[in-house]
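Quick note, the sequences are listed as chains A and B, same order. For the first sequence, the residue numbers in the working numbering are 1 to 317. For the second sequence, the residue numbers in the working numbering are 1 to 282.
Just so you know, these hints were derived from the structure itself, not from any lab. From a predicted model like this one, the values you see are computed outputs, not experimental measurements. Every residue gets a Cβ at the ideal spot worked out from N, C-alpha and C, and that includes glycine. Some clues are possibly wrong.
[Stated by the list, open to error] Here chain B is said to cover these stretches of chain A; the calculated rule only asks that three of the stretch's residues, wherever they fall, bring their Cβ under 8 Å from a Cβ of chain B:
#1 3-15
#2 112-122
[What the hints assert, rightly or not] Not everything, but these chain A residues come out facing chain B in the computed CB check (under 7 Å):
#3 Ala141
#4 Leu144
#5 Pro180
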Amino acid sequence: MGRRLLGAAVSLLVASVLIFIGTSVLPGNAASVVLGRGATPAAVQKLEQQMHLNKPLTTQYTNWLGGFVHGDLGDSSIGLAQGQKHAPVWALISDPVKNSLILALITALFMIPLSLGLGALAAVYAGRPADHAISIMSLAAIALPEFVIGSLLVGVFFVWLDVLPPVAIIPPGQSPLSDPTKLILPVATLLLASLAAGIRMVRAGMVETLQAEYVMAARLNGLSERWVLWRYAMRNALAPSVQVLAQNLQWLIGGIIITETVFAYPGLGSLLVTAVGNRDLGVVQSVAMLIAVVYVMLNLVADLIVLLLVPKLREPA
Amino acid sequence: MTGRLRFMRSFSGAVGVTIVVFVVAVAIFGRYVAPYDPNVPVTVPLAPPSSHYWLGTDFLGRDVFSRLLYGGRSVITLAALATGLGYLIGMSVGLIAGFSRSRIDPVLMRSVDVMLAFPPLLFLLVLISGAGTGVEVLVIGVAVIQAPGISRIVRTATLEVSVRGYVEAAIARGERSYAVIVREVLPNIMAPVLVDSGLRFTYSILIIASVNFLGLGLQPPASDWALMISDNRQYIAIQAWAVLAPAAMIALLTIGINLTGDAIARSLGRSYVPKTARSAVI
Chain A
1 MGRRLLGAAV SLLVASVLIF IGTSVLPGNA ASVVLGRGAT PAAVQKLEQQ
51 MHLNKPLTTQ YTNWLGGFVH GDLGDSSIGL AQGQKHAPVW ALISDPVKNS
101 LILALITALF MIPLSLGLGA LAAVYAGRPA DHAISIMSLA AIALPEFVIG
151 SLLVGVFFVW LDVLPPVAII PPGQSPLSDP TKLILPVATL LLASLAAGIR
201 MVRAGMVETL QAEYVMAARL NGLSERWVLW RYAMRNALAP SVQVLAQNLQ
251 WLIGGIIITE TVFAYPGLGS LLVTAVGNRD LGVVQSVAML IAVVYVMLNL
301 VADLIVLLLV PKLREPA
Chain B
1 MTGRLRFMRS FSGAVGVTIV VFVVAVAIFG RYVAPYDPNV PVTVPLAPPS
51 SHYWLGTDFL GRDVFSRLLY GGRSVITLAA LATGLGYLIG MSVGLIAGFS
101 RSRIDPVLMR SVDVMLAFPP LLFLLVLISG AGTGVEVLVI GVAVIQAPGI
151 SRIVRTATLE VSVRGYVEAA IARGERSYAV IVREVLPNIM APVLVDSGLR
201 FTYSILIIAS VNFLGLGLQP PASDWALMIS DNRQYIAIQA WAVLAPAAMI
251 ALLTIGINLT GDAIARSLGR SYVPKTARSA VI
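Build the full structure now, drawing on both the sequences and the hints.
As structure tokens, this is what we get:
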């Protein structure tokens with residue numbers, strides 16, 4: 001376990017370096033990039049000071065990372081460029097973080113039972129029509145980028161059937177849950193994009209488990225097929241499935257960035273895309289780091305759950 | 001050749017190849033039969049489909065059908081370049097790591113692990129926020145995303161091959177490492193290494209199209225399927241074809257490649273678990 005924690009810490013450290021280098025060591029001056037072409041030298045110099053660009057790169061990095069660890073996400077570069085004294089990133093992202101979490105949680109709530117259920121179903125009926133149908137559908141869905149799925153869904157449910165709204169714009173300060181119909185298409189898009197991979201991997205794990213000797217033994221002992229399936233096979237297929245689900249949740253993060261943009265949903269992902277477009281380096285750094293933390297944590301939690309499920313894998317202390 | 005093309009005999013392989021050939025043909029040759037200039041307004045914006053403008057016009061009054069015929073080349077070319085560059089980097093790293101049998105191996109592989117722990121789209125967005133939007137940034141960024149996964153497969157295959165008799169013989173003859181790698185190792189690892197190249201290509205298409213859609217890749221007025229979708233999606237209620245036609249083209253392309261890749265993997269018949277576009281990278 002200690003090794004895994006250490007690995008996660010190293011991953012995060014490298015992520016922070018990558019993010020910092022990606023946003024800081026750019027050709028040209030960050031302050032003039034933020035301000036745009038028509039900026040006066042005086043304005044550039046002032047912003048440089050506010051963004052601490054006049055300090056050495058290593059100092060900038062340690063200050064940023066130190067602040068991040070203590071919950072200080074720094075300032076929005078655009079906010080500073082517009083003349084604000086302080087433009088804390090926290091204030092910008094507190095609502096989007098909540099909105100993104102709501103979207104992710106609702107999706108996960110559907111995704112986990114659906115991918116386990118459909119994956120098991122395909123495995124039990126392996127080689128028969130139900131399996132082929134599930135396999136071909138998932139093969140097709142997995143190939144599609146989220147924005148294509150989203151656009152096609154809008155085409156069907158808004159343009160053609162006119163039953164669901166094409167965008168999920170939430171007024172500031174309002175909860176997305178106040179109008180759940182707005183969430184249906186974004187959640188459906190994320191589900192279609194992420195479910196397929198989960199189904200395929202659960203199916204693969206389950207097919208393997210169903211051929212194991214202990215399953216055969218249970219069947220020969222005359223146990224009912226349902227008992228064999230749920231008490232014997234499912235339990236053992238669950239360990240790899242947990243990792244699959246963690247991977248799915250990680251894909252969800254990439255998917256959320258695009259899906260939020262498709263539906264103009266005010267979450268962390270669409271905020272990040274806007275910040276990248278505006279080259280608001282302060283926001284990009286902190287939001288990217290925040291997402292990286294979630295990503296690595298998901299992996300760690302999945303490893304923990306697997307260790308709990310499969311005692312065999314526990315390392316000697 | 002019959003052995004190599006065996007995957008075509010399966011239903012999904014035949015369908016997949018047909019779709020891919022069709023979409024790629026449209027992307028490459030479409031521009032020569034396009035009825036209008038893709039960048040010039042031909043009539044009123046958002047006109048519905050008619051006998052003159054088969055798919056109607058977009059939000060600027062440009063012919064959607066012509067833009068569709070022009071718009072495939074960019075994403076396919078960029079994805080091919082990025083995937084190729086990814087293989088170049090990934091194979092170099094993997095060959096060095098697998099062949100060296102020294103301390104370089106664990107160092108390289110640890111770096112690969114760390115790279116794989118970073119969300120690909122996030123990496124690309126951070127890169128773009130620093131280096132700006134541009135074709136080069138997109139290609140290099142996607143190649144860097146692809147490289148770690150490739151190098152891992154190459155390393156495994158190299159480790160396996162480099163203990164074989166013919167490699168040991170070449171080393172014993174005193175040939176230079178470079179010659180041994182190029183002449184003995186490389187030809188013998190190509191099959192397992194290239195088996196999922198189709199899926200990697202799909203992933204490159206997926207992520208490049210996504211970045212173009214976000215407005216952070218190719219810039220207007222380029223005709224690009226993903227860009228067409230993001231340009232016109234505000235007006236989907238009035239002129240749905242301007243969004244749905246390019247969406248359908250991207251869907252056909254990626255589904256076609258995935259079906260083909262799946263059929264190839266199955267026809268090889270080894271204990272190969274068909275990977276998916278997304279899992280191939282992460």
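Pro180/A was flagged as interface toward chain B. Is the shortest Cβ-Cβ separation under 7 Å?
violated (22 Å)
Assertion that chain B covers the stretch 112-122 of chain A - criterion: three or more residues, beta-carbon distance below 8 Å
violated (count 0)
With a C-beta cutoff of 8 Å, work out whether three or more residues of the stretch 3-15 of chain A approach chain B closely enough for the coverage to hold.
holds (count 5)
Hint status (Cβ of Ala141/A to nearest Cβ of chain B, threshold 7 Å)
Violated: closest Cβ of chain B sits about 9 Å from Ala141/A, beyond 7 Å.
Identify whether the interface hint at Leu144/A stands, where standing means a beta carbon of chain B within less than 7 Å of its own.
holds (6 Å)
Against the hints set out earlier in the document, violations occur for numbers 2, 3, 5.
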